[in-house]
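Each chain, letter by letter, is given below.
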Amino acid sequence: MEGLLSKYLLTLYVTGNSPRTKVAIDNLNRICSQELEGRYELEIIDVLENPQRAEDERILATPTLIKQLPPPLRRVIGDLSDKEKVLLGLEVRPAPNASAQTRPEAK
Amino acid sequence: MTTTDHPAVEKLRTGISSLDIIAKGGLPKNRTTLISGTAGSGKTVFAVQFLAAGIANGEPGVFVTFEEAAADIRANMRSFGWDLAQWEEEGKLAFVDASPDPHIETFEAGAFDLGALLARVENAVKKVKATRVSVDSLGAVFSQFSDQAMVRGELFRIATALKAMGVTAVLTAERTEDHGPVARFGVEEFIADNVMILRNLLEDETRRRTIEILKFRGCDHQKGEFPFTIVPKGGVIVIPLSAMQLSMRSSNIRISSGNKDLDEMCGGGFFRDSVTLVSGATGTGKTLTVTQFLQGGAANGEKCLLLAFEESRDQLVRNATGWGFDFEKMERDGMLRVVCDYPDLSGLEDWLVTIQQIITEFKPRRVALDSLSALENVGTLKAFREFVIGLTSFIKHQEITGMFTSTTGSLMGGDSITESNISTLTDSIVLLRYVEMFGEMKRGLTVLKMRGSAHDKAIREFTIGKGGMQMGRPFRNVTGIIGGAPMHVNPGDVERVWTQYDKAIDRRRPESISGT
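Line order of the protein sequences matches chains U and F.
Read in order, the letters of the first sequence are residues 1 to 107 in my numbering.
Read in order, the letters of the second sequence are residues 108 to 623 in my numbering.
Don't read these hints as lab results, they were simulated from the structure.
Where hints are given, some of them may not hold.
Listed below are several chain U residues computed to face chain F (Cβ distance under 7 Å; list not exhaustive) [claimed, not checked]:
hint, residue
1, 15
2, 17
3, 51
4, 62
5, 75
6, 79
7, 80
8, 82
9, 89
Every residue, glycine too, gets a C-beta built ideally from N, C-alpha and C.
Only chain U is shown next, with the shape it has when bound in the complex:
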């Protein structure tokens, strides 16, 4: 069941070099390295430079994180500061050989 299907394909849409963009990218990098190490691909798109991509994907809010794979398609909007919600939104399942510390404590 695992293998290729468990690869996370992520796209993050941001607006320019705003502080919020920076926060979102930092948060996402942290979450990915903690939870998805070695099993994700991330593309970052600046909607100011590439508005047509935003149009095609019908993005309204920035930052918006889209998980194309594994299904289902999911969107998480916001600067991703709420890690628990990000994981919930992405439906991140623990890696096959991950250690116990996957469920973070409630804040």
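We have chain U; now place chain F onto it with these hints.
What follows is chain F alone, placed relative to chain U:
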């Protein structure tokens, strides 16, 4: 608050029928105008039409949809004759589809803004070089996100950005009731420069659409609610009552009513651009008066239009033949067009638009409507009045001579809703009445009012036969005809009254004033 003596706000002609009249030139240019209305009030149609009219005028547009999917709008607007897909292909229109996608679940995790939306709008405006933008509708954005304050702030940012882009924008918003707060979510606060309200009121079981310009900051507009209708192949059509009244002229040219005697009673015929109301109970000769009026027009080389809401074509033709008039020949000669329909088929606003279209196309010199009473119950009294005002001013404006009939409820005397409501709007009133005399029903006719002219004040008896109406002698020895209770008076009494009247006048004239 700034006050300027000379408002420098430029107007953009929208191209939407008659809207530019009530907006006195159009919408304020390079500004955003809020269009607020309840569900089904025509906001989306208006928003699309704003762009469609622009595209027809060589001004490209962008449509931002938050509510309906772009595909749905493309399909829905086809019935109005607007091919959005083709305009998109031709690069005259761009969609920004911001409608919610029910297939994608969205989670909120932290702070965000609508930067992507703004980037997309800017991109679309740049792509087609748009000068017009429609956003439909603002309320739907609020339902997509939980942080209302953020949405409000972001919409304000977008409205400001639209101004900076130099486009004229229409933003729709919904309201919960037709009379109440301007819009939900307080969206009017950030684009309150210009506010227009669309209403779709239910009055006496009929729908009545009105449009009101609540405010145009820094420029003028007409005040109050104006009826409008939404028609296939045309969209929103505003009916600007006051604008039509202002431009009315007055003519001194007389035309024949089609009956020599009636012409004489009117002091030489009706005026060219006048509207005459013929009022009477059923069977008193209203349709005959109309038939004569049309015959008189056709005989004079004037095209005539008959709008018949009471009788079928066949009935009308048969009646006319009975009186010696050949409607079918007049039609064949292109002098007459008969439009027969059930009055309840559409609302009064729609009738007005339909009639205006027929008149514009056929270009008649005379228009007869038989009868107004049949239209009375189609809408509310207010809508009815507006219909009559609209039609009266329209036909006067075109220098068309009009004749409307009105049916009184009671056989003897009496008046009707039609009469009491529109008598002030018409120039002449001809009353047809039954007069009961010695067990016999006779018909009487009087010219009650003839604006700007002397007329015969007598109530004349008339008979109906081959050749139409034959005018007879005045009812000199009957009183109370108009009141509905004719009383025969001894001719001697009449004589005495007149003699006394003459004497009284004579007595006043000389120096001596006699006491009682």
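Here is how each hint holds up against the structure:
1. 15: holds (3 Å)
2. 17: violated (12 Å)
3. 51: holds (4 Å)
4. 62: Status holds, d = 4 Å.
5. 75: Given a least distance of 4 Å, the restraint on residue 75 of chain U holds.
6. 79: At about 4 Å, which falls below the 7 Å cut-off, the nearest Cβ of chain F leaves the hint on residue 79 of chain U intact, so it holds.
7. 80: The hint holds - residue 80 of chain U has a Cβ within 7 Å of chain F, the shortest such distance being about 5 Å.
8. 82: holds (4 Å)
9. 89: holds (3 Å)
Checked against the numbered hints listed earlier, the structure breaks hint 2 alone; every other hint is satisfied.
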